[in-house]
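Following the hints, position chain B against chain A.
Here is how the chains run, residue by residue.
Number of protein chains: 2
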Amino acid sequence: MGGRNARKAKRAAALPENMKPVHPGEQGGRFKPLDEKDLPRIHETALKALETIGLANAIPSCIEACTSIGCTISPEGRLLIPPSVVNECLEKAGRDITLYGSSPEHDIHLSGEKVYFGTAGAAVHMLNPISREYRESTAADLFDIARVCDTLEHIHFFQRSIVCRDLEDIREMDITTCYASIAGTKKHVGTSFSFADNVNETLRMLHLIAGSEEAWRKRPFVSMSCCHVVPPMKFAEDASACLEAAVRGGMPVLLLSAGQAGATSPATLACCVVQAVAEVLAGLVYVNAVKEGAPAMFGTWPFVSDLRTGAMSGGSGEQAILMAACGQMAQYYNLPSGIAAGMTDSKVPDAQSGYEKGYTVSLAAHSGANLIYESAGMHASLLGCCLESYVIDNDMLGAINRTVRGVEVNDETLSIEPIRDVCLEGPGHYLGHEQTLNRMQKDYLYPTIGDRENINNWIDQGSTDAVQRAHLKVQEILNNHYPENWDEETDLKIREQFPVRLEKHRMRPLEIS
Amino acid sequence: MGGRNARKAKRAAALPENMKPVHPGEQGGRFKPLDEKDLPRIHETALKALETIGLANAIPSCIEACTSIGCTISPEGRLLIPPSVVNECLEKAGRDITLYGSSPEHDIHLSGEKVYFGTAGAAVHMLNPISREYRESTAADLFDIARVCDTLEHIHFFQRSIVCRDLEDIREMDITTCYASIAGTKKHVGTSFSFADNVNETLRMLHLIAGSEEAWRKRPFVSMSCCHVVPPMKFAEDASACLEAAVRGGMPVLLLSAGQAGATSPATLACCVVQAVAEVLAGLVYVNAVKEGAPAMFGTWPFVSDLRTGAMSGGSGEQAILMAACGQMAQYYNLPSGIAAGMTDSKVPDAQSGYEKGYTVSLAAHSGANLIYESAGMHASLLGCCLESYVIDNDMLGAINRTVRGVEVNDETLSIEPIRDVCLEGPGHYLGHEQTLNRMQKDYLYPTIGDRENINNWIDQGSTDAVQRAHLKVQEILNNHYPENWDEETDLKIREQFPVRLEKHRMRPLEIS
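Residue numbers (this note's numbering), protein chains in the order written: chain A, 4 to 516; chain B, 4 to 516.
Isolated chain A, as found in the complex (with noise of 0.2 Å):
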């Protein structure tokens, strides 16, 4: 028996890269829940919504901005975008861009159908799974989200998935909010501001962090998630302002539609899809009038009512479908993309949370979009977020991450000697054939605390369900797990001149005397 628990924990212990059966980036776009031709209509429609209906609001920057290139006022004052602007900017737009690591192990590139799991999220609760209370989201969770983050190989990047309620200075707030993501993970961070103040003033933080603006400029290691529009069809005004500042200051930007049909975009699916795009592409003009070429995702990510209520329901058969819809438009222009998915009503990590999670998360990752936010960790519609279901989560993601890598059909895979082999000469199962022990590995993902147990073992290991392994998982991470993403002196600057409100001992172990 130790022979076979050594065995096994071999199999069990971490691979070297090349062996790994997923990366990062695997190819997707095998889901295309459009019909080619409507692609284009879409687009067609998109244009027509964006010449004849326009968006209203537009500040004056903008203004100036995009009439320089073509773009008018309507009597009503709205901006009106003619088809040939979009089409020039879709020509022009930056692509098979790099958002940057804080280590460049964390690189992801962004091109063709290539896919990454990431989390997102403005969270104003944290739920404790176990007792089932919800209380008020802080600037020390979002330290530790990210922390949990750093650890899960199946999370590609980290996006800020909760609002610090315990801040109620805006300015301490939006700096706060990014310091504590890139204090706490190496990978790629999106973050969101509320005036473009507070874009600059954390540009500055960043540029103290990588040792200069330049070497900022070089790896941005943080991007802006921007609702530059407020659906229907009418611009952000501070958000735009933060738009602005994020471009000129080298930070991806990526461009959020986030309507909800029935309420601020339309009931009909494929017209929620036209108004996303059209919105998105409004930002899109917008980004390429301030520098042509500035790196910018394509966000339409359209949001489900409950029509009863008019709730958000973001874990519903018709959210999978509309998001991996726009994950296929994202694809015809072959832009830069990131689309939502993973957004459970469910109050708690259960059998509904999961369900909700795993048919939008597939779609989504299938339907070709490069980013999936939201994929893990997050509740109620992303009102709740659980440490927990970060890594009960990040299990899932790696499946369906295996699922995106798809059946490599080759000469060498599909050869029928083995079958031969088995059924003519050998033994008549294929347990310990050569192939076997050579694809165990490379093929075969294993979950981190997903159950595979035969019942009795399971019993024997206390009947537990996912929650609870993941709780102990969490435990272990947050205990053991503080990054050190910069030196002591950095941080003493960094707290020195901007208004960084996470108390520093929450940021190590606790000295236990």
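Accuracy of the hints is not assured; some may be wrong.
Copies of one chain are not kept apart here, so a pair can be met inside one copy or by any two copies together.
[As the list claims (entries may be wrong)] As a list, the in silico SDA-like pairs of lysine to any residue whose alpha-carbon atoms are at most 25 Å apart:
{"no.": "1", "residue 1": "294", "residue 2": "39"}
{"no.": "2", "residue 1": "476", "residue 2": "135"}
{"no.": "3", "residue 1": "507", "residue 2": "497"}
{"no.": "4", "residue 1": "237", "residue 2": "435"}
{"no.": "5", "residue 1": "237", "residue 2": "429"}
{"no.": "6", "residue 1": "237", "residue 2": "418"}
{"no.": "7", "residue 1": "294", "residue 2": "443"}
{"no.": "8", "residue 1": "40", "residue 2": "420"}
{"no.": "9", "residue 1": "445", "residue 2": "261"}
Because the hints were derived from the structure by calculation, they are not lab data.
Chain B only, in chain A's frame:
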């Protein structure tokens, strides 16, 4: 508040069929895990395996039937099937077949890429998800499972999901299994047999229930799941005899090849597909040699092993993509087909169970296979079954079916007039727009026990999870839903003539004195 609740209740009430947002038999096939060019390669490789390796253990009647249409016997005694014979059988095979319900509204039509969800399994345990206890499954459990499934809208057919462990006599078990299933539901029933004599005896029972043999043959409402092979590449002898009895008796047959990758099937996913396709094609040749055009379903079910332990892992990513690839192969042949998904490794209906069911079922459903077996109720890689999980999974299946229905793109759904109305003329939102009200019920599906409450309501209602809510629903169904699928007199006749071992008192409500 009364008015609002009344409106909510009205909106939540059952809809007439033509208003329902999803129907059985939505059109799948939009997920293509394999490249188009790989499909004929896999076919050619399977043909080569059938021609040069062939299958061992063909019974005399199989040899007689198959050699009469051109197969040969190798020096080792294996049945070799030349490509010409396979291709002829592919031409003649039954297509566009109907699986009848015992009530016509449950008929399902297998053609093209229509998708239906159903149960299956041969679990030996029932799980109580509240106490987390496993116990042996019984005939009374099977009847209860059938009547729970009878009430669940998104479960379209019922294949028996447990083994009646309380019955030791195989004849009693085979007959009672069929009886308990058809007594519990009016949906199409799939069952399984150990010996051909039991098939024939059950057929006589079905004639009695249908009214006559002719009536049975007109609307055969029971099909047989038949593991006609023992992978790799051997016929199963008793199952072969069952297959012949079913084909002659007018009972549709699911031709099941259930190898386990790395154990009884090759370790490369591509060659796993090849072996499964070859084995099912052998079954198809066999069926058509016995009776040309007899209804048979292409049942490529390669399972995945956890290669660390050799145990089956039905919830893995490898399983999801392998099964979807098989669904696409079935579509390549345009054969009526059934694959399996939903086979979680988890022992309880937890988050892991949810996500494993979510991604396996959604990718299977979109692959274009007609029947998705095992899609509800199962645990522990098919060894366990749970009543509450059927109720939970029913909501999941509805939502996944909504994603299969997809996004309708046409002049009406694409019209930007609602955007123009709302932006230029209207209130700035779509909530009261005529189109929103029209679409609310036809386009949006609402879960039965799935939680979409806001956090405070959820707390007020007891901070429940899906299992707790499903448990209440199961109790309600078990206490109230007693289908009477035939009259008392027929039941007496059945029990006089056949060894039905489901106690009569288990089939009606407890009398409270």
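| query | Against the structure shown, which of the earlier numbered hints fail to hold, in ascending order? | reply | 1 and 7
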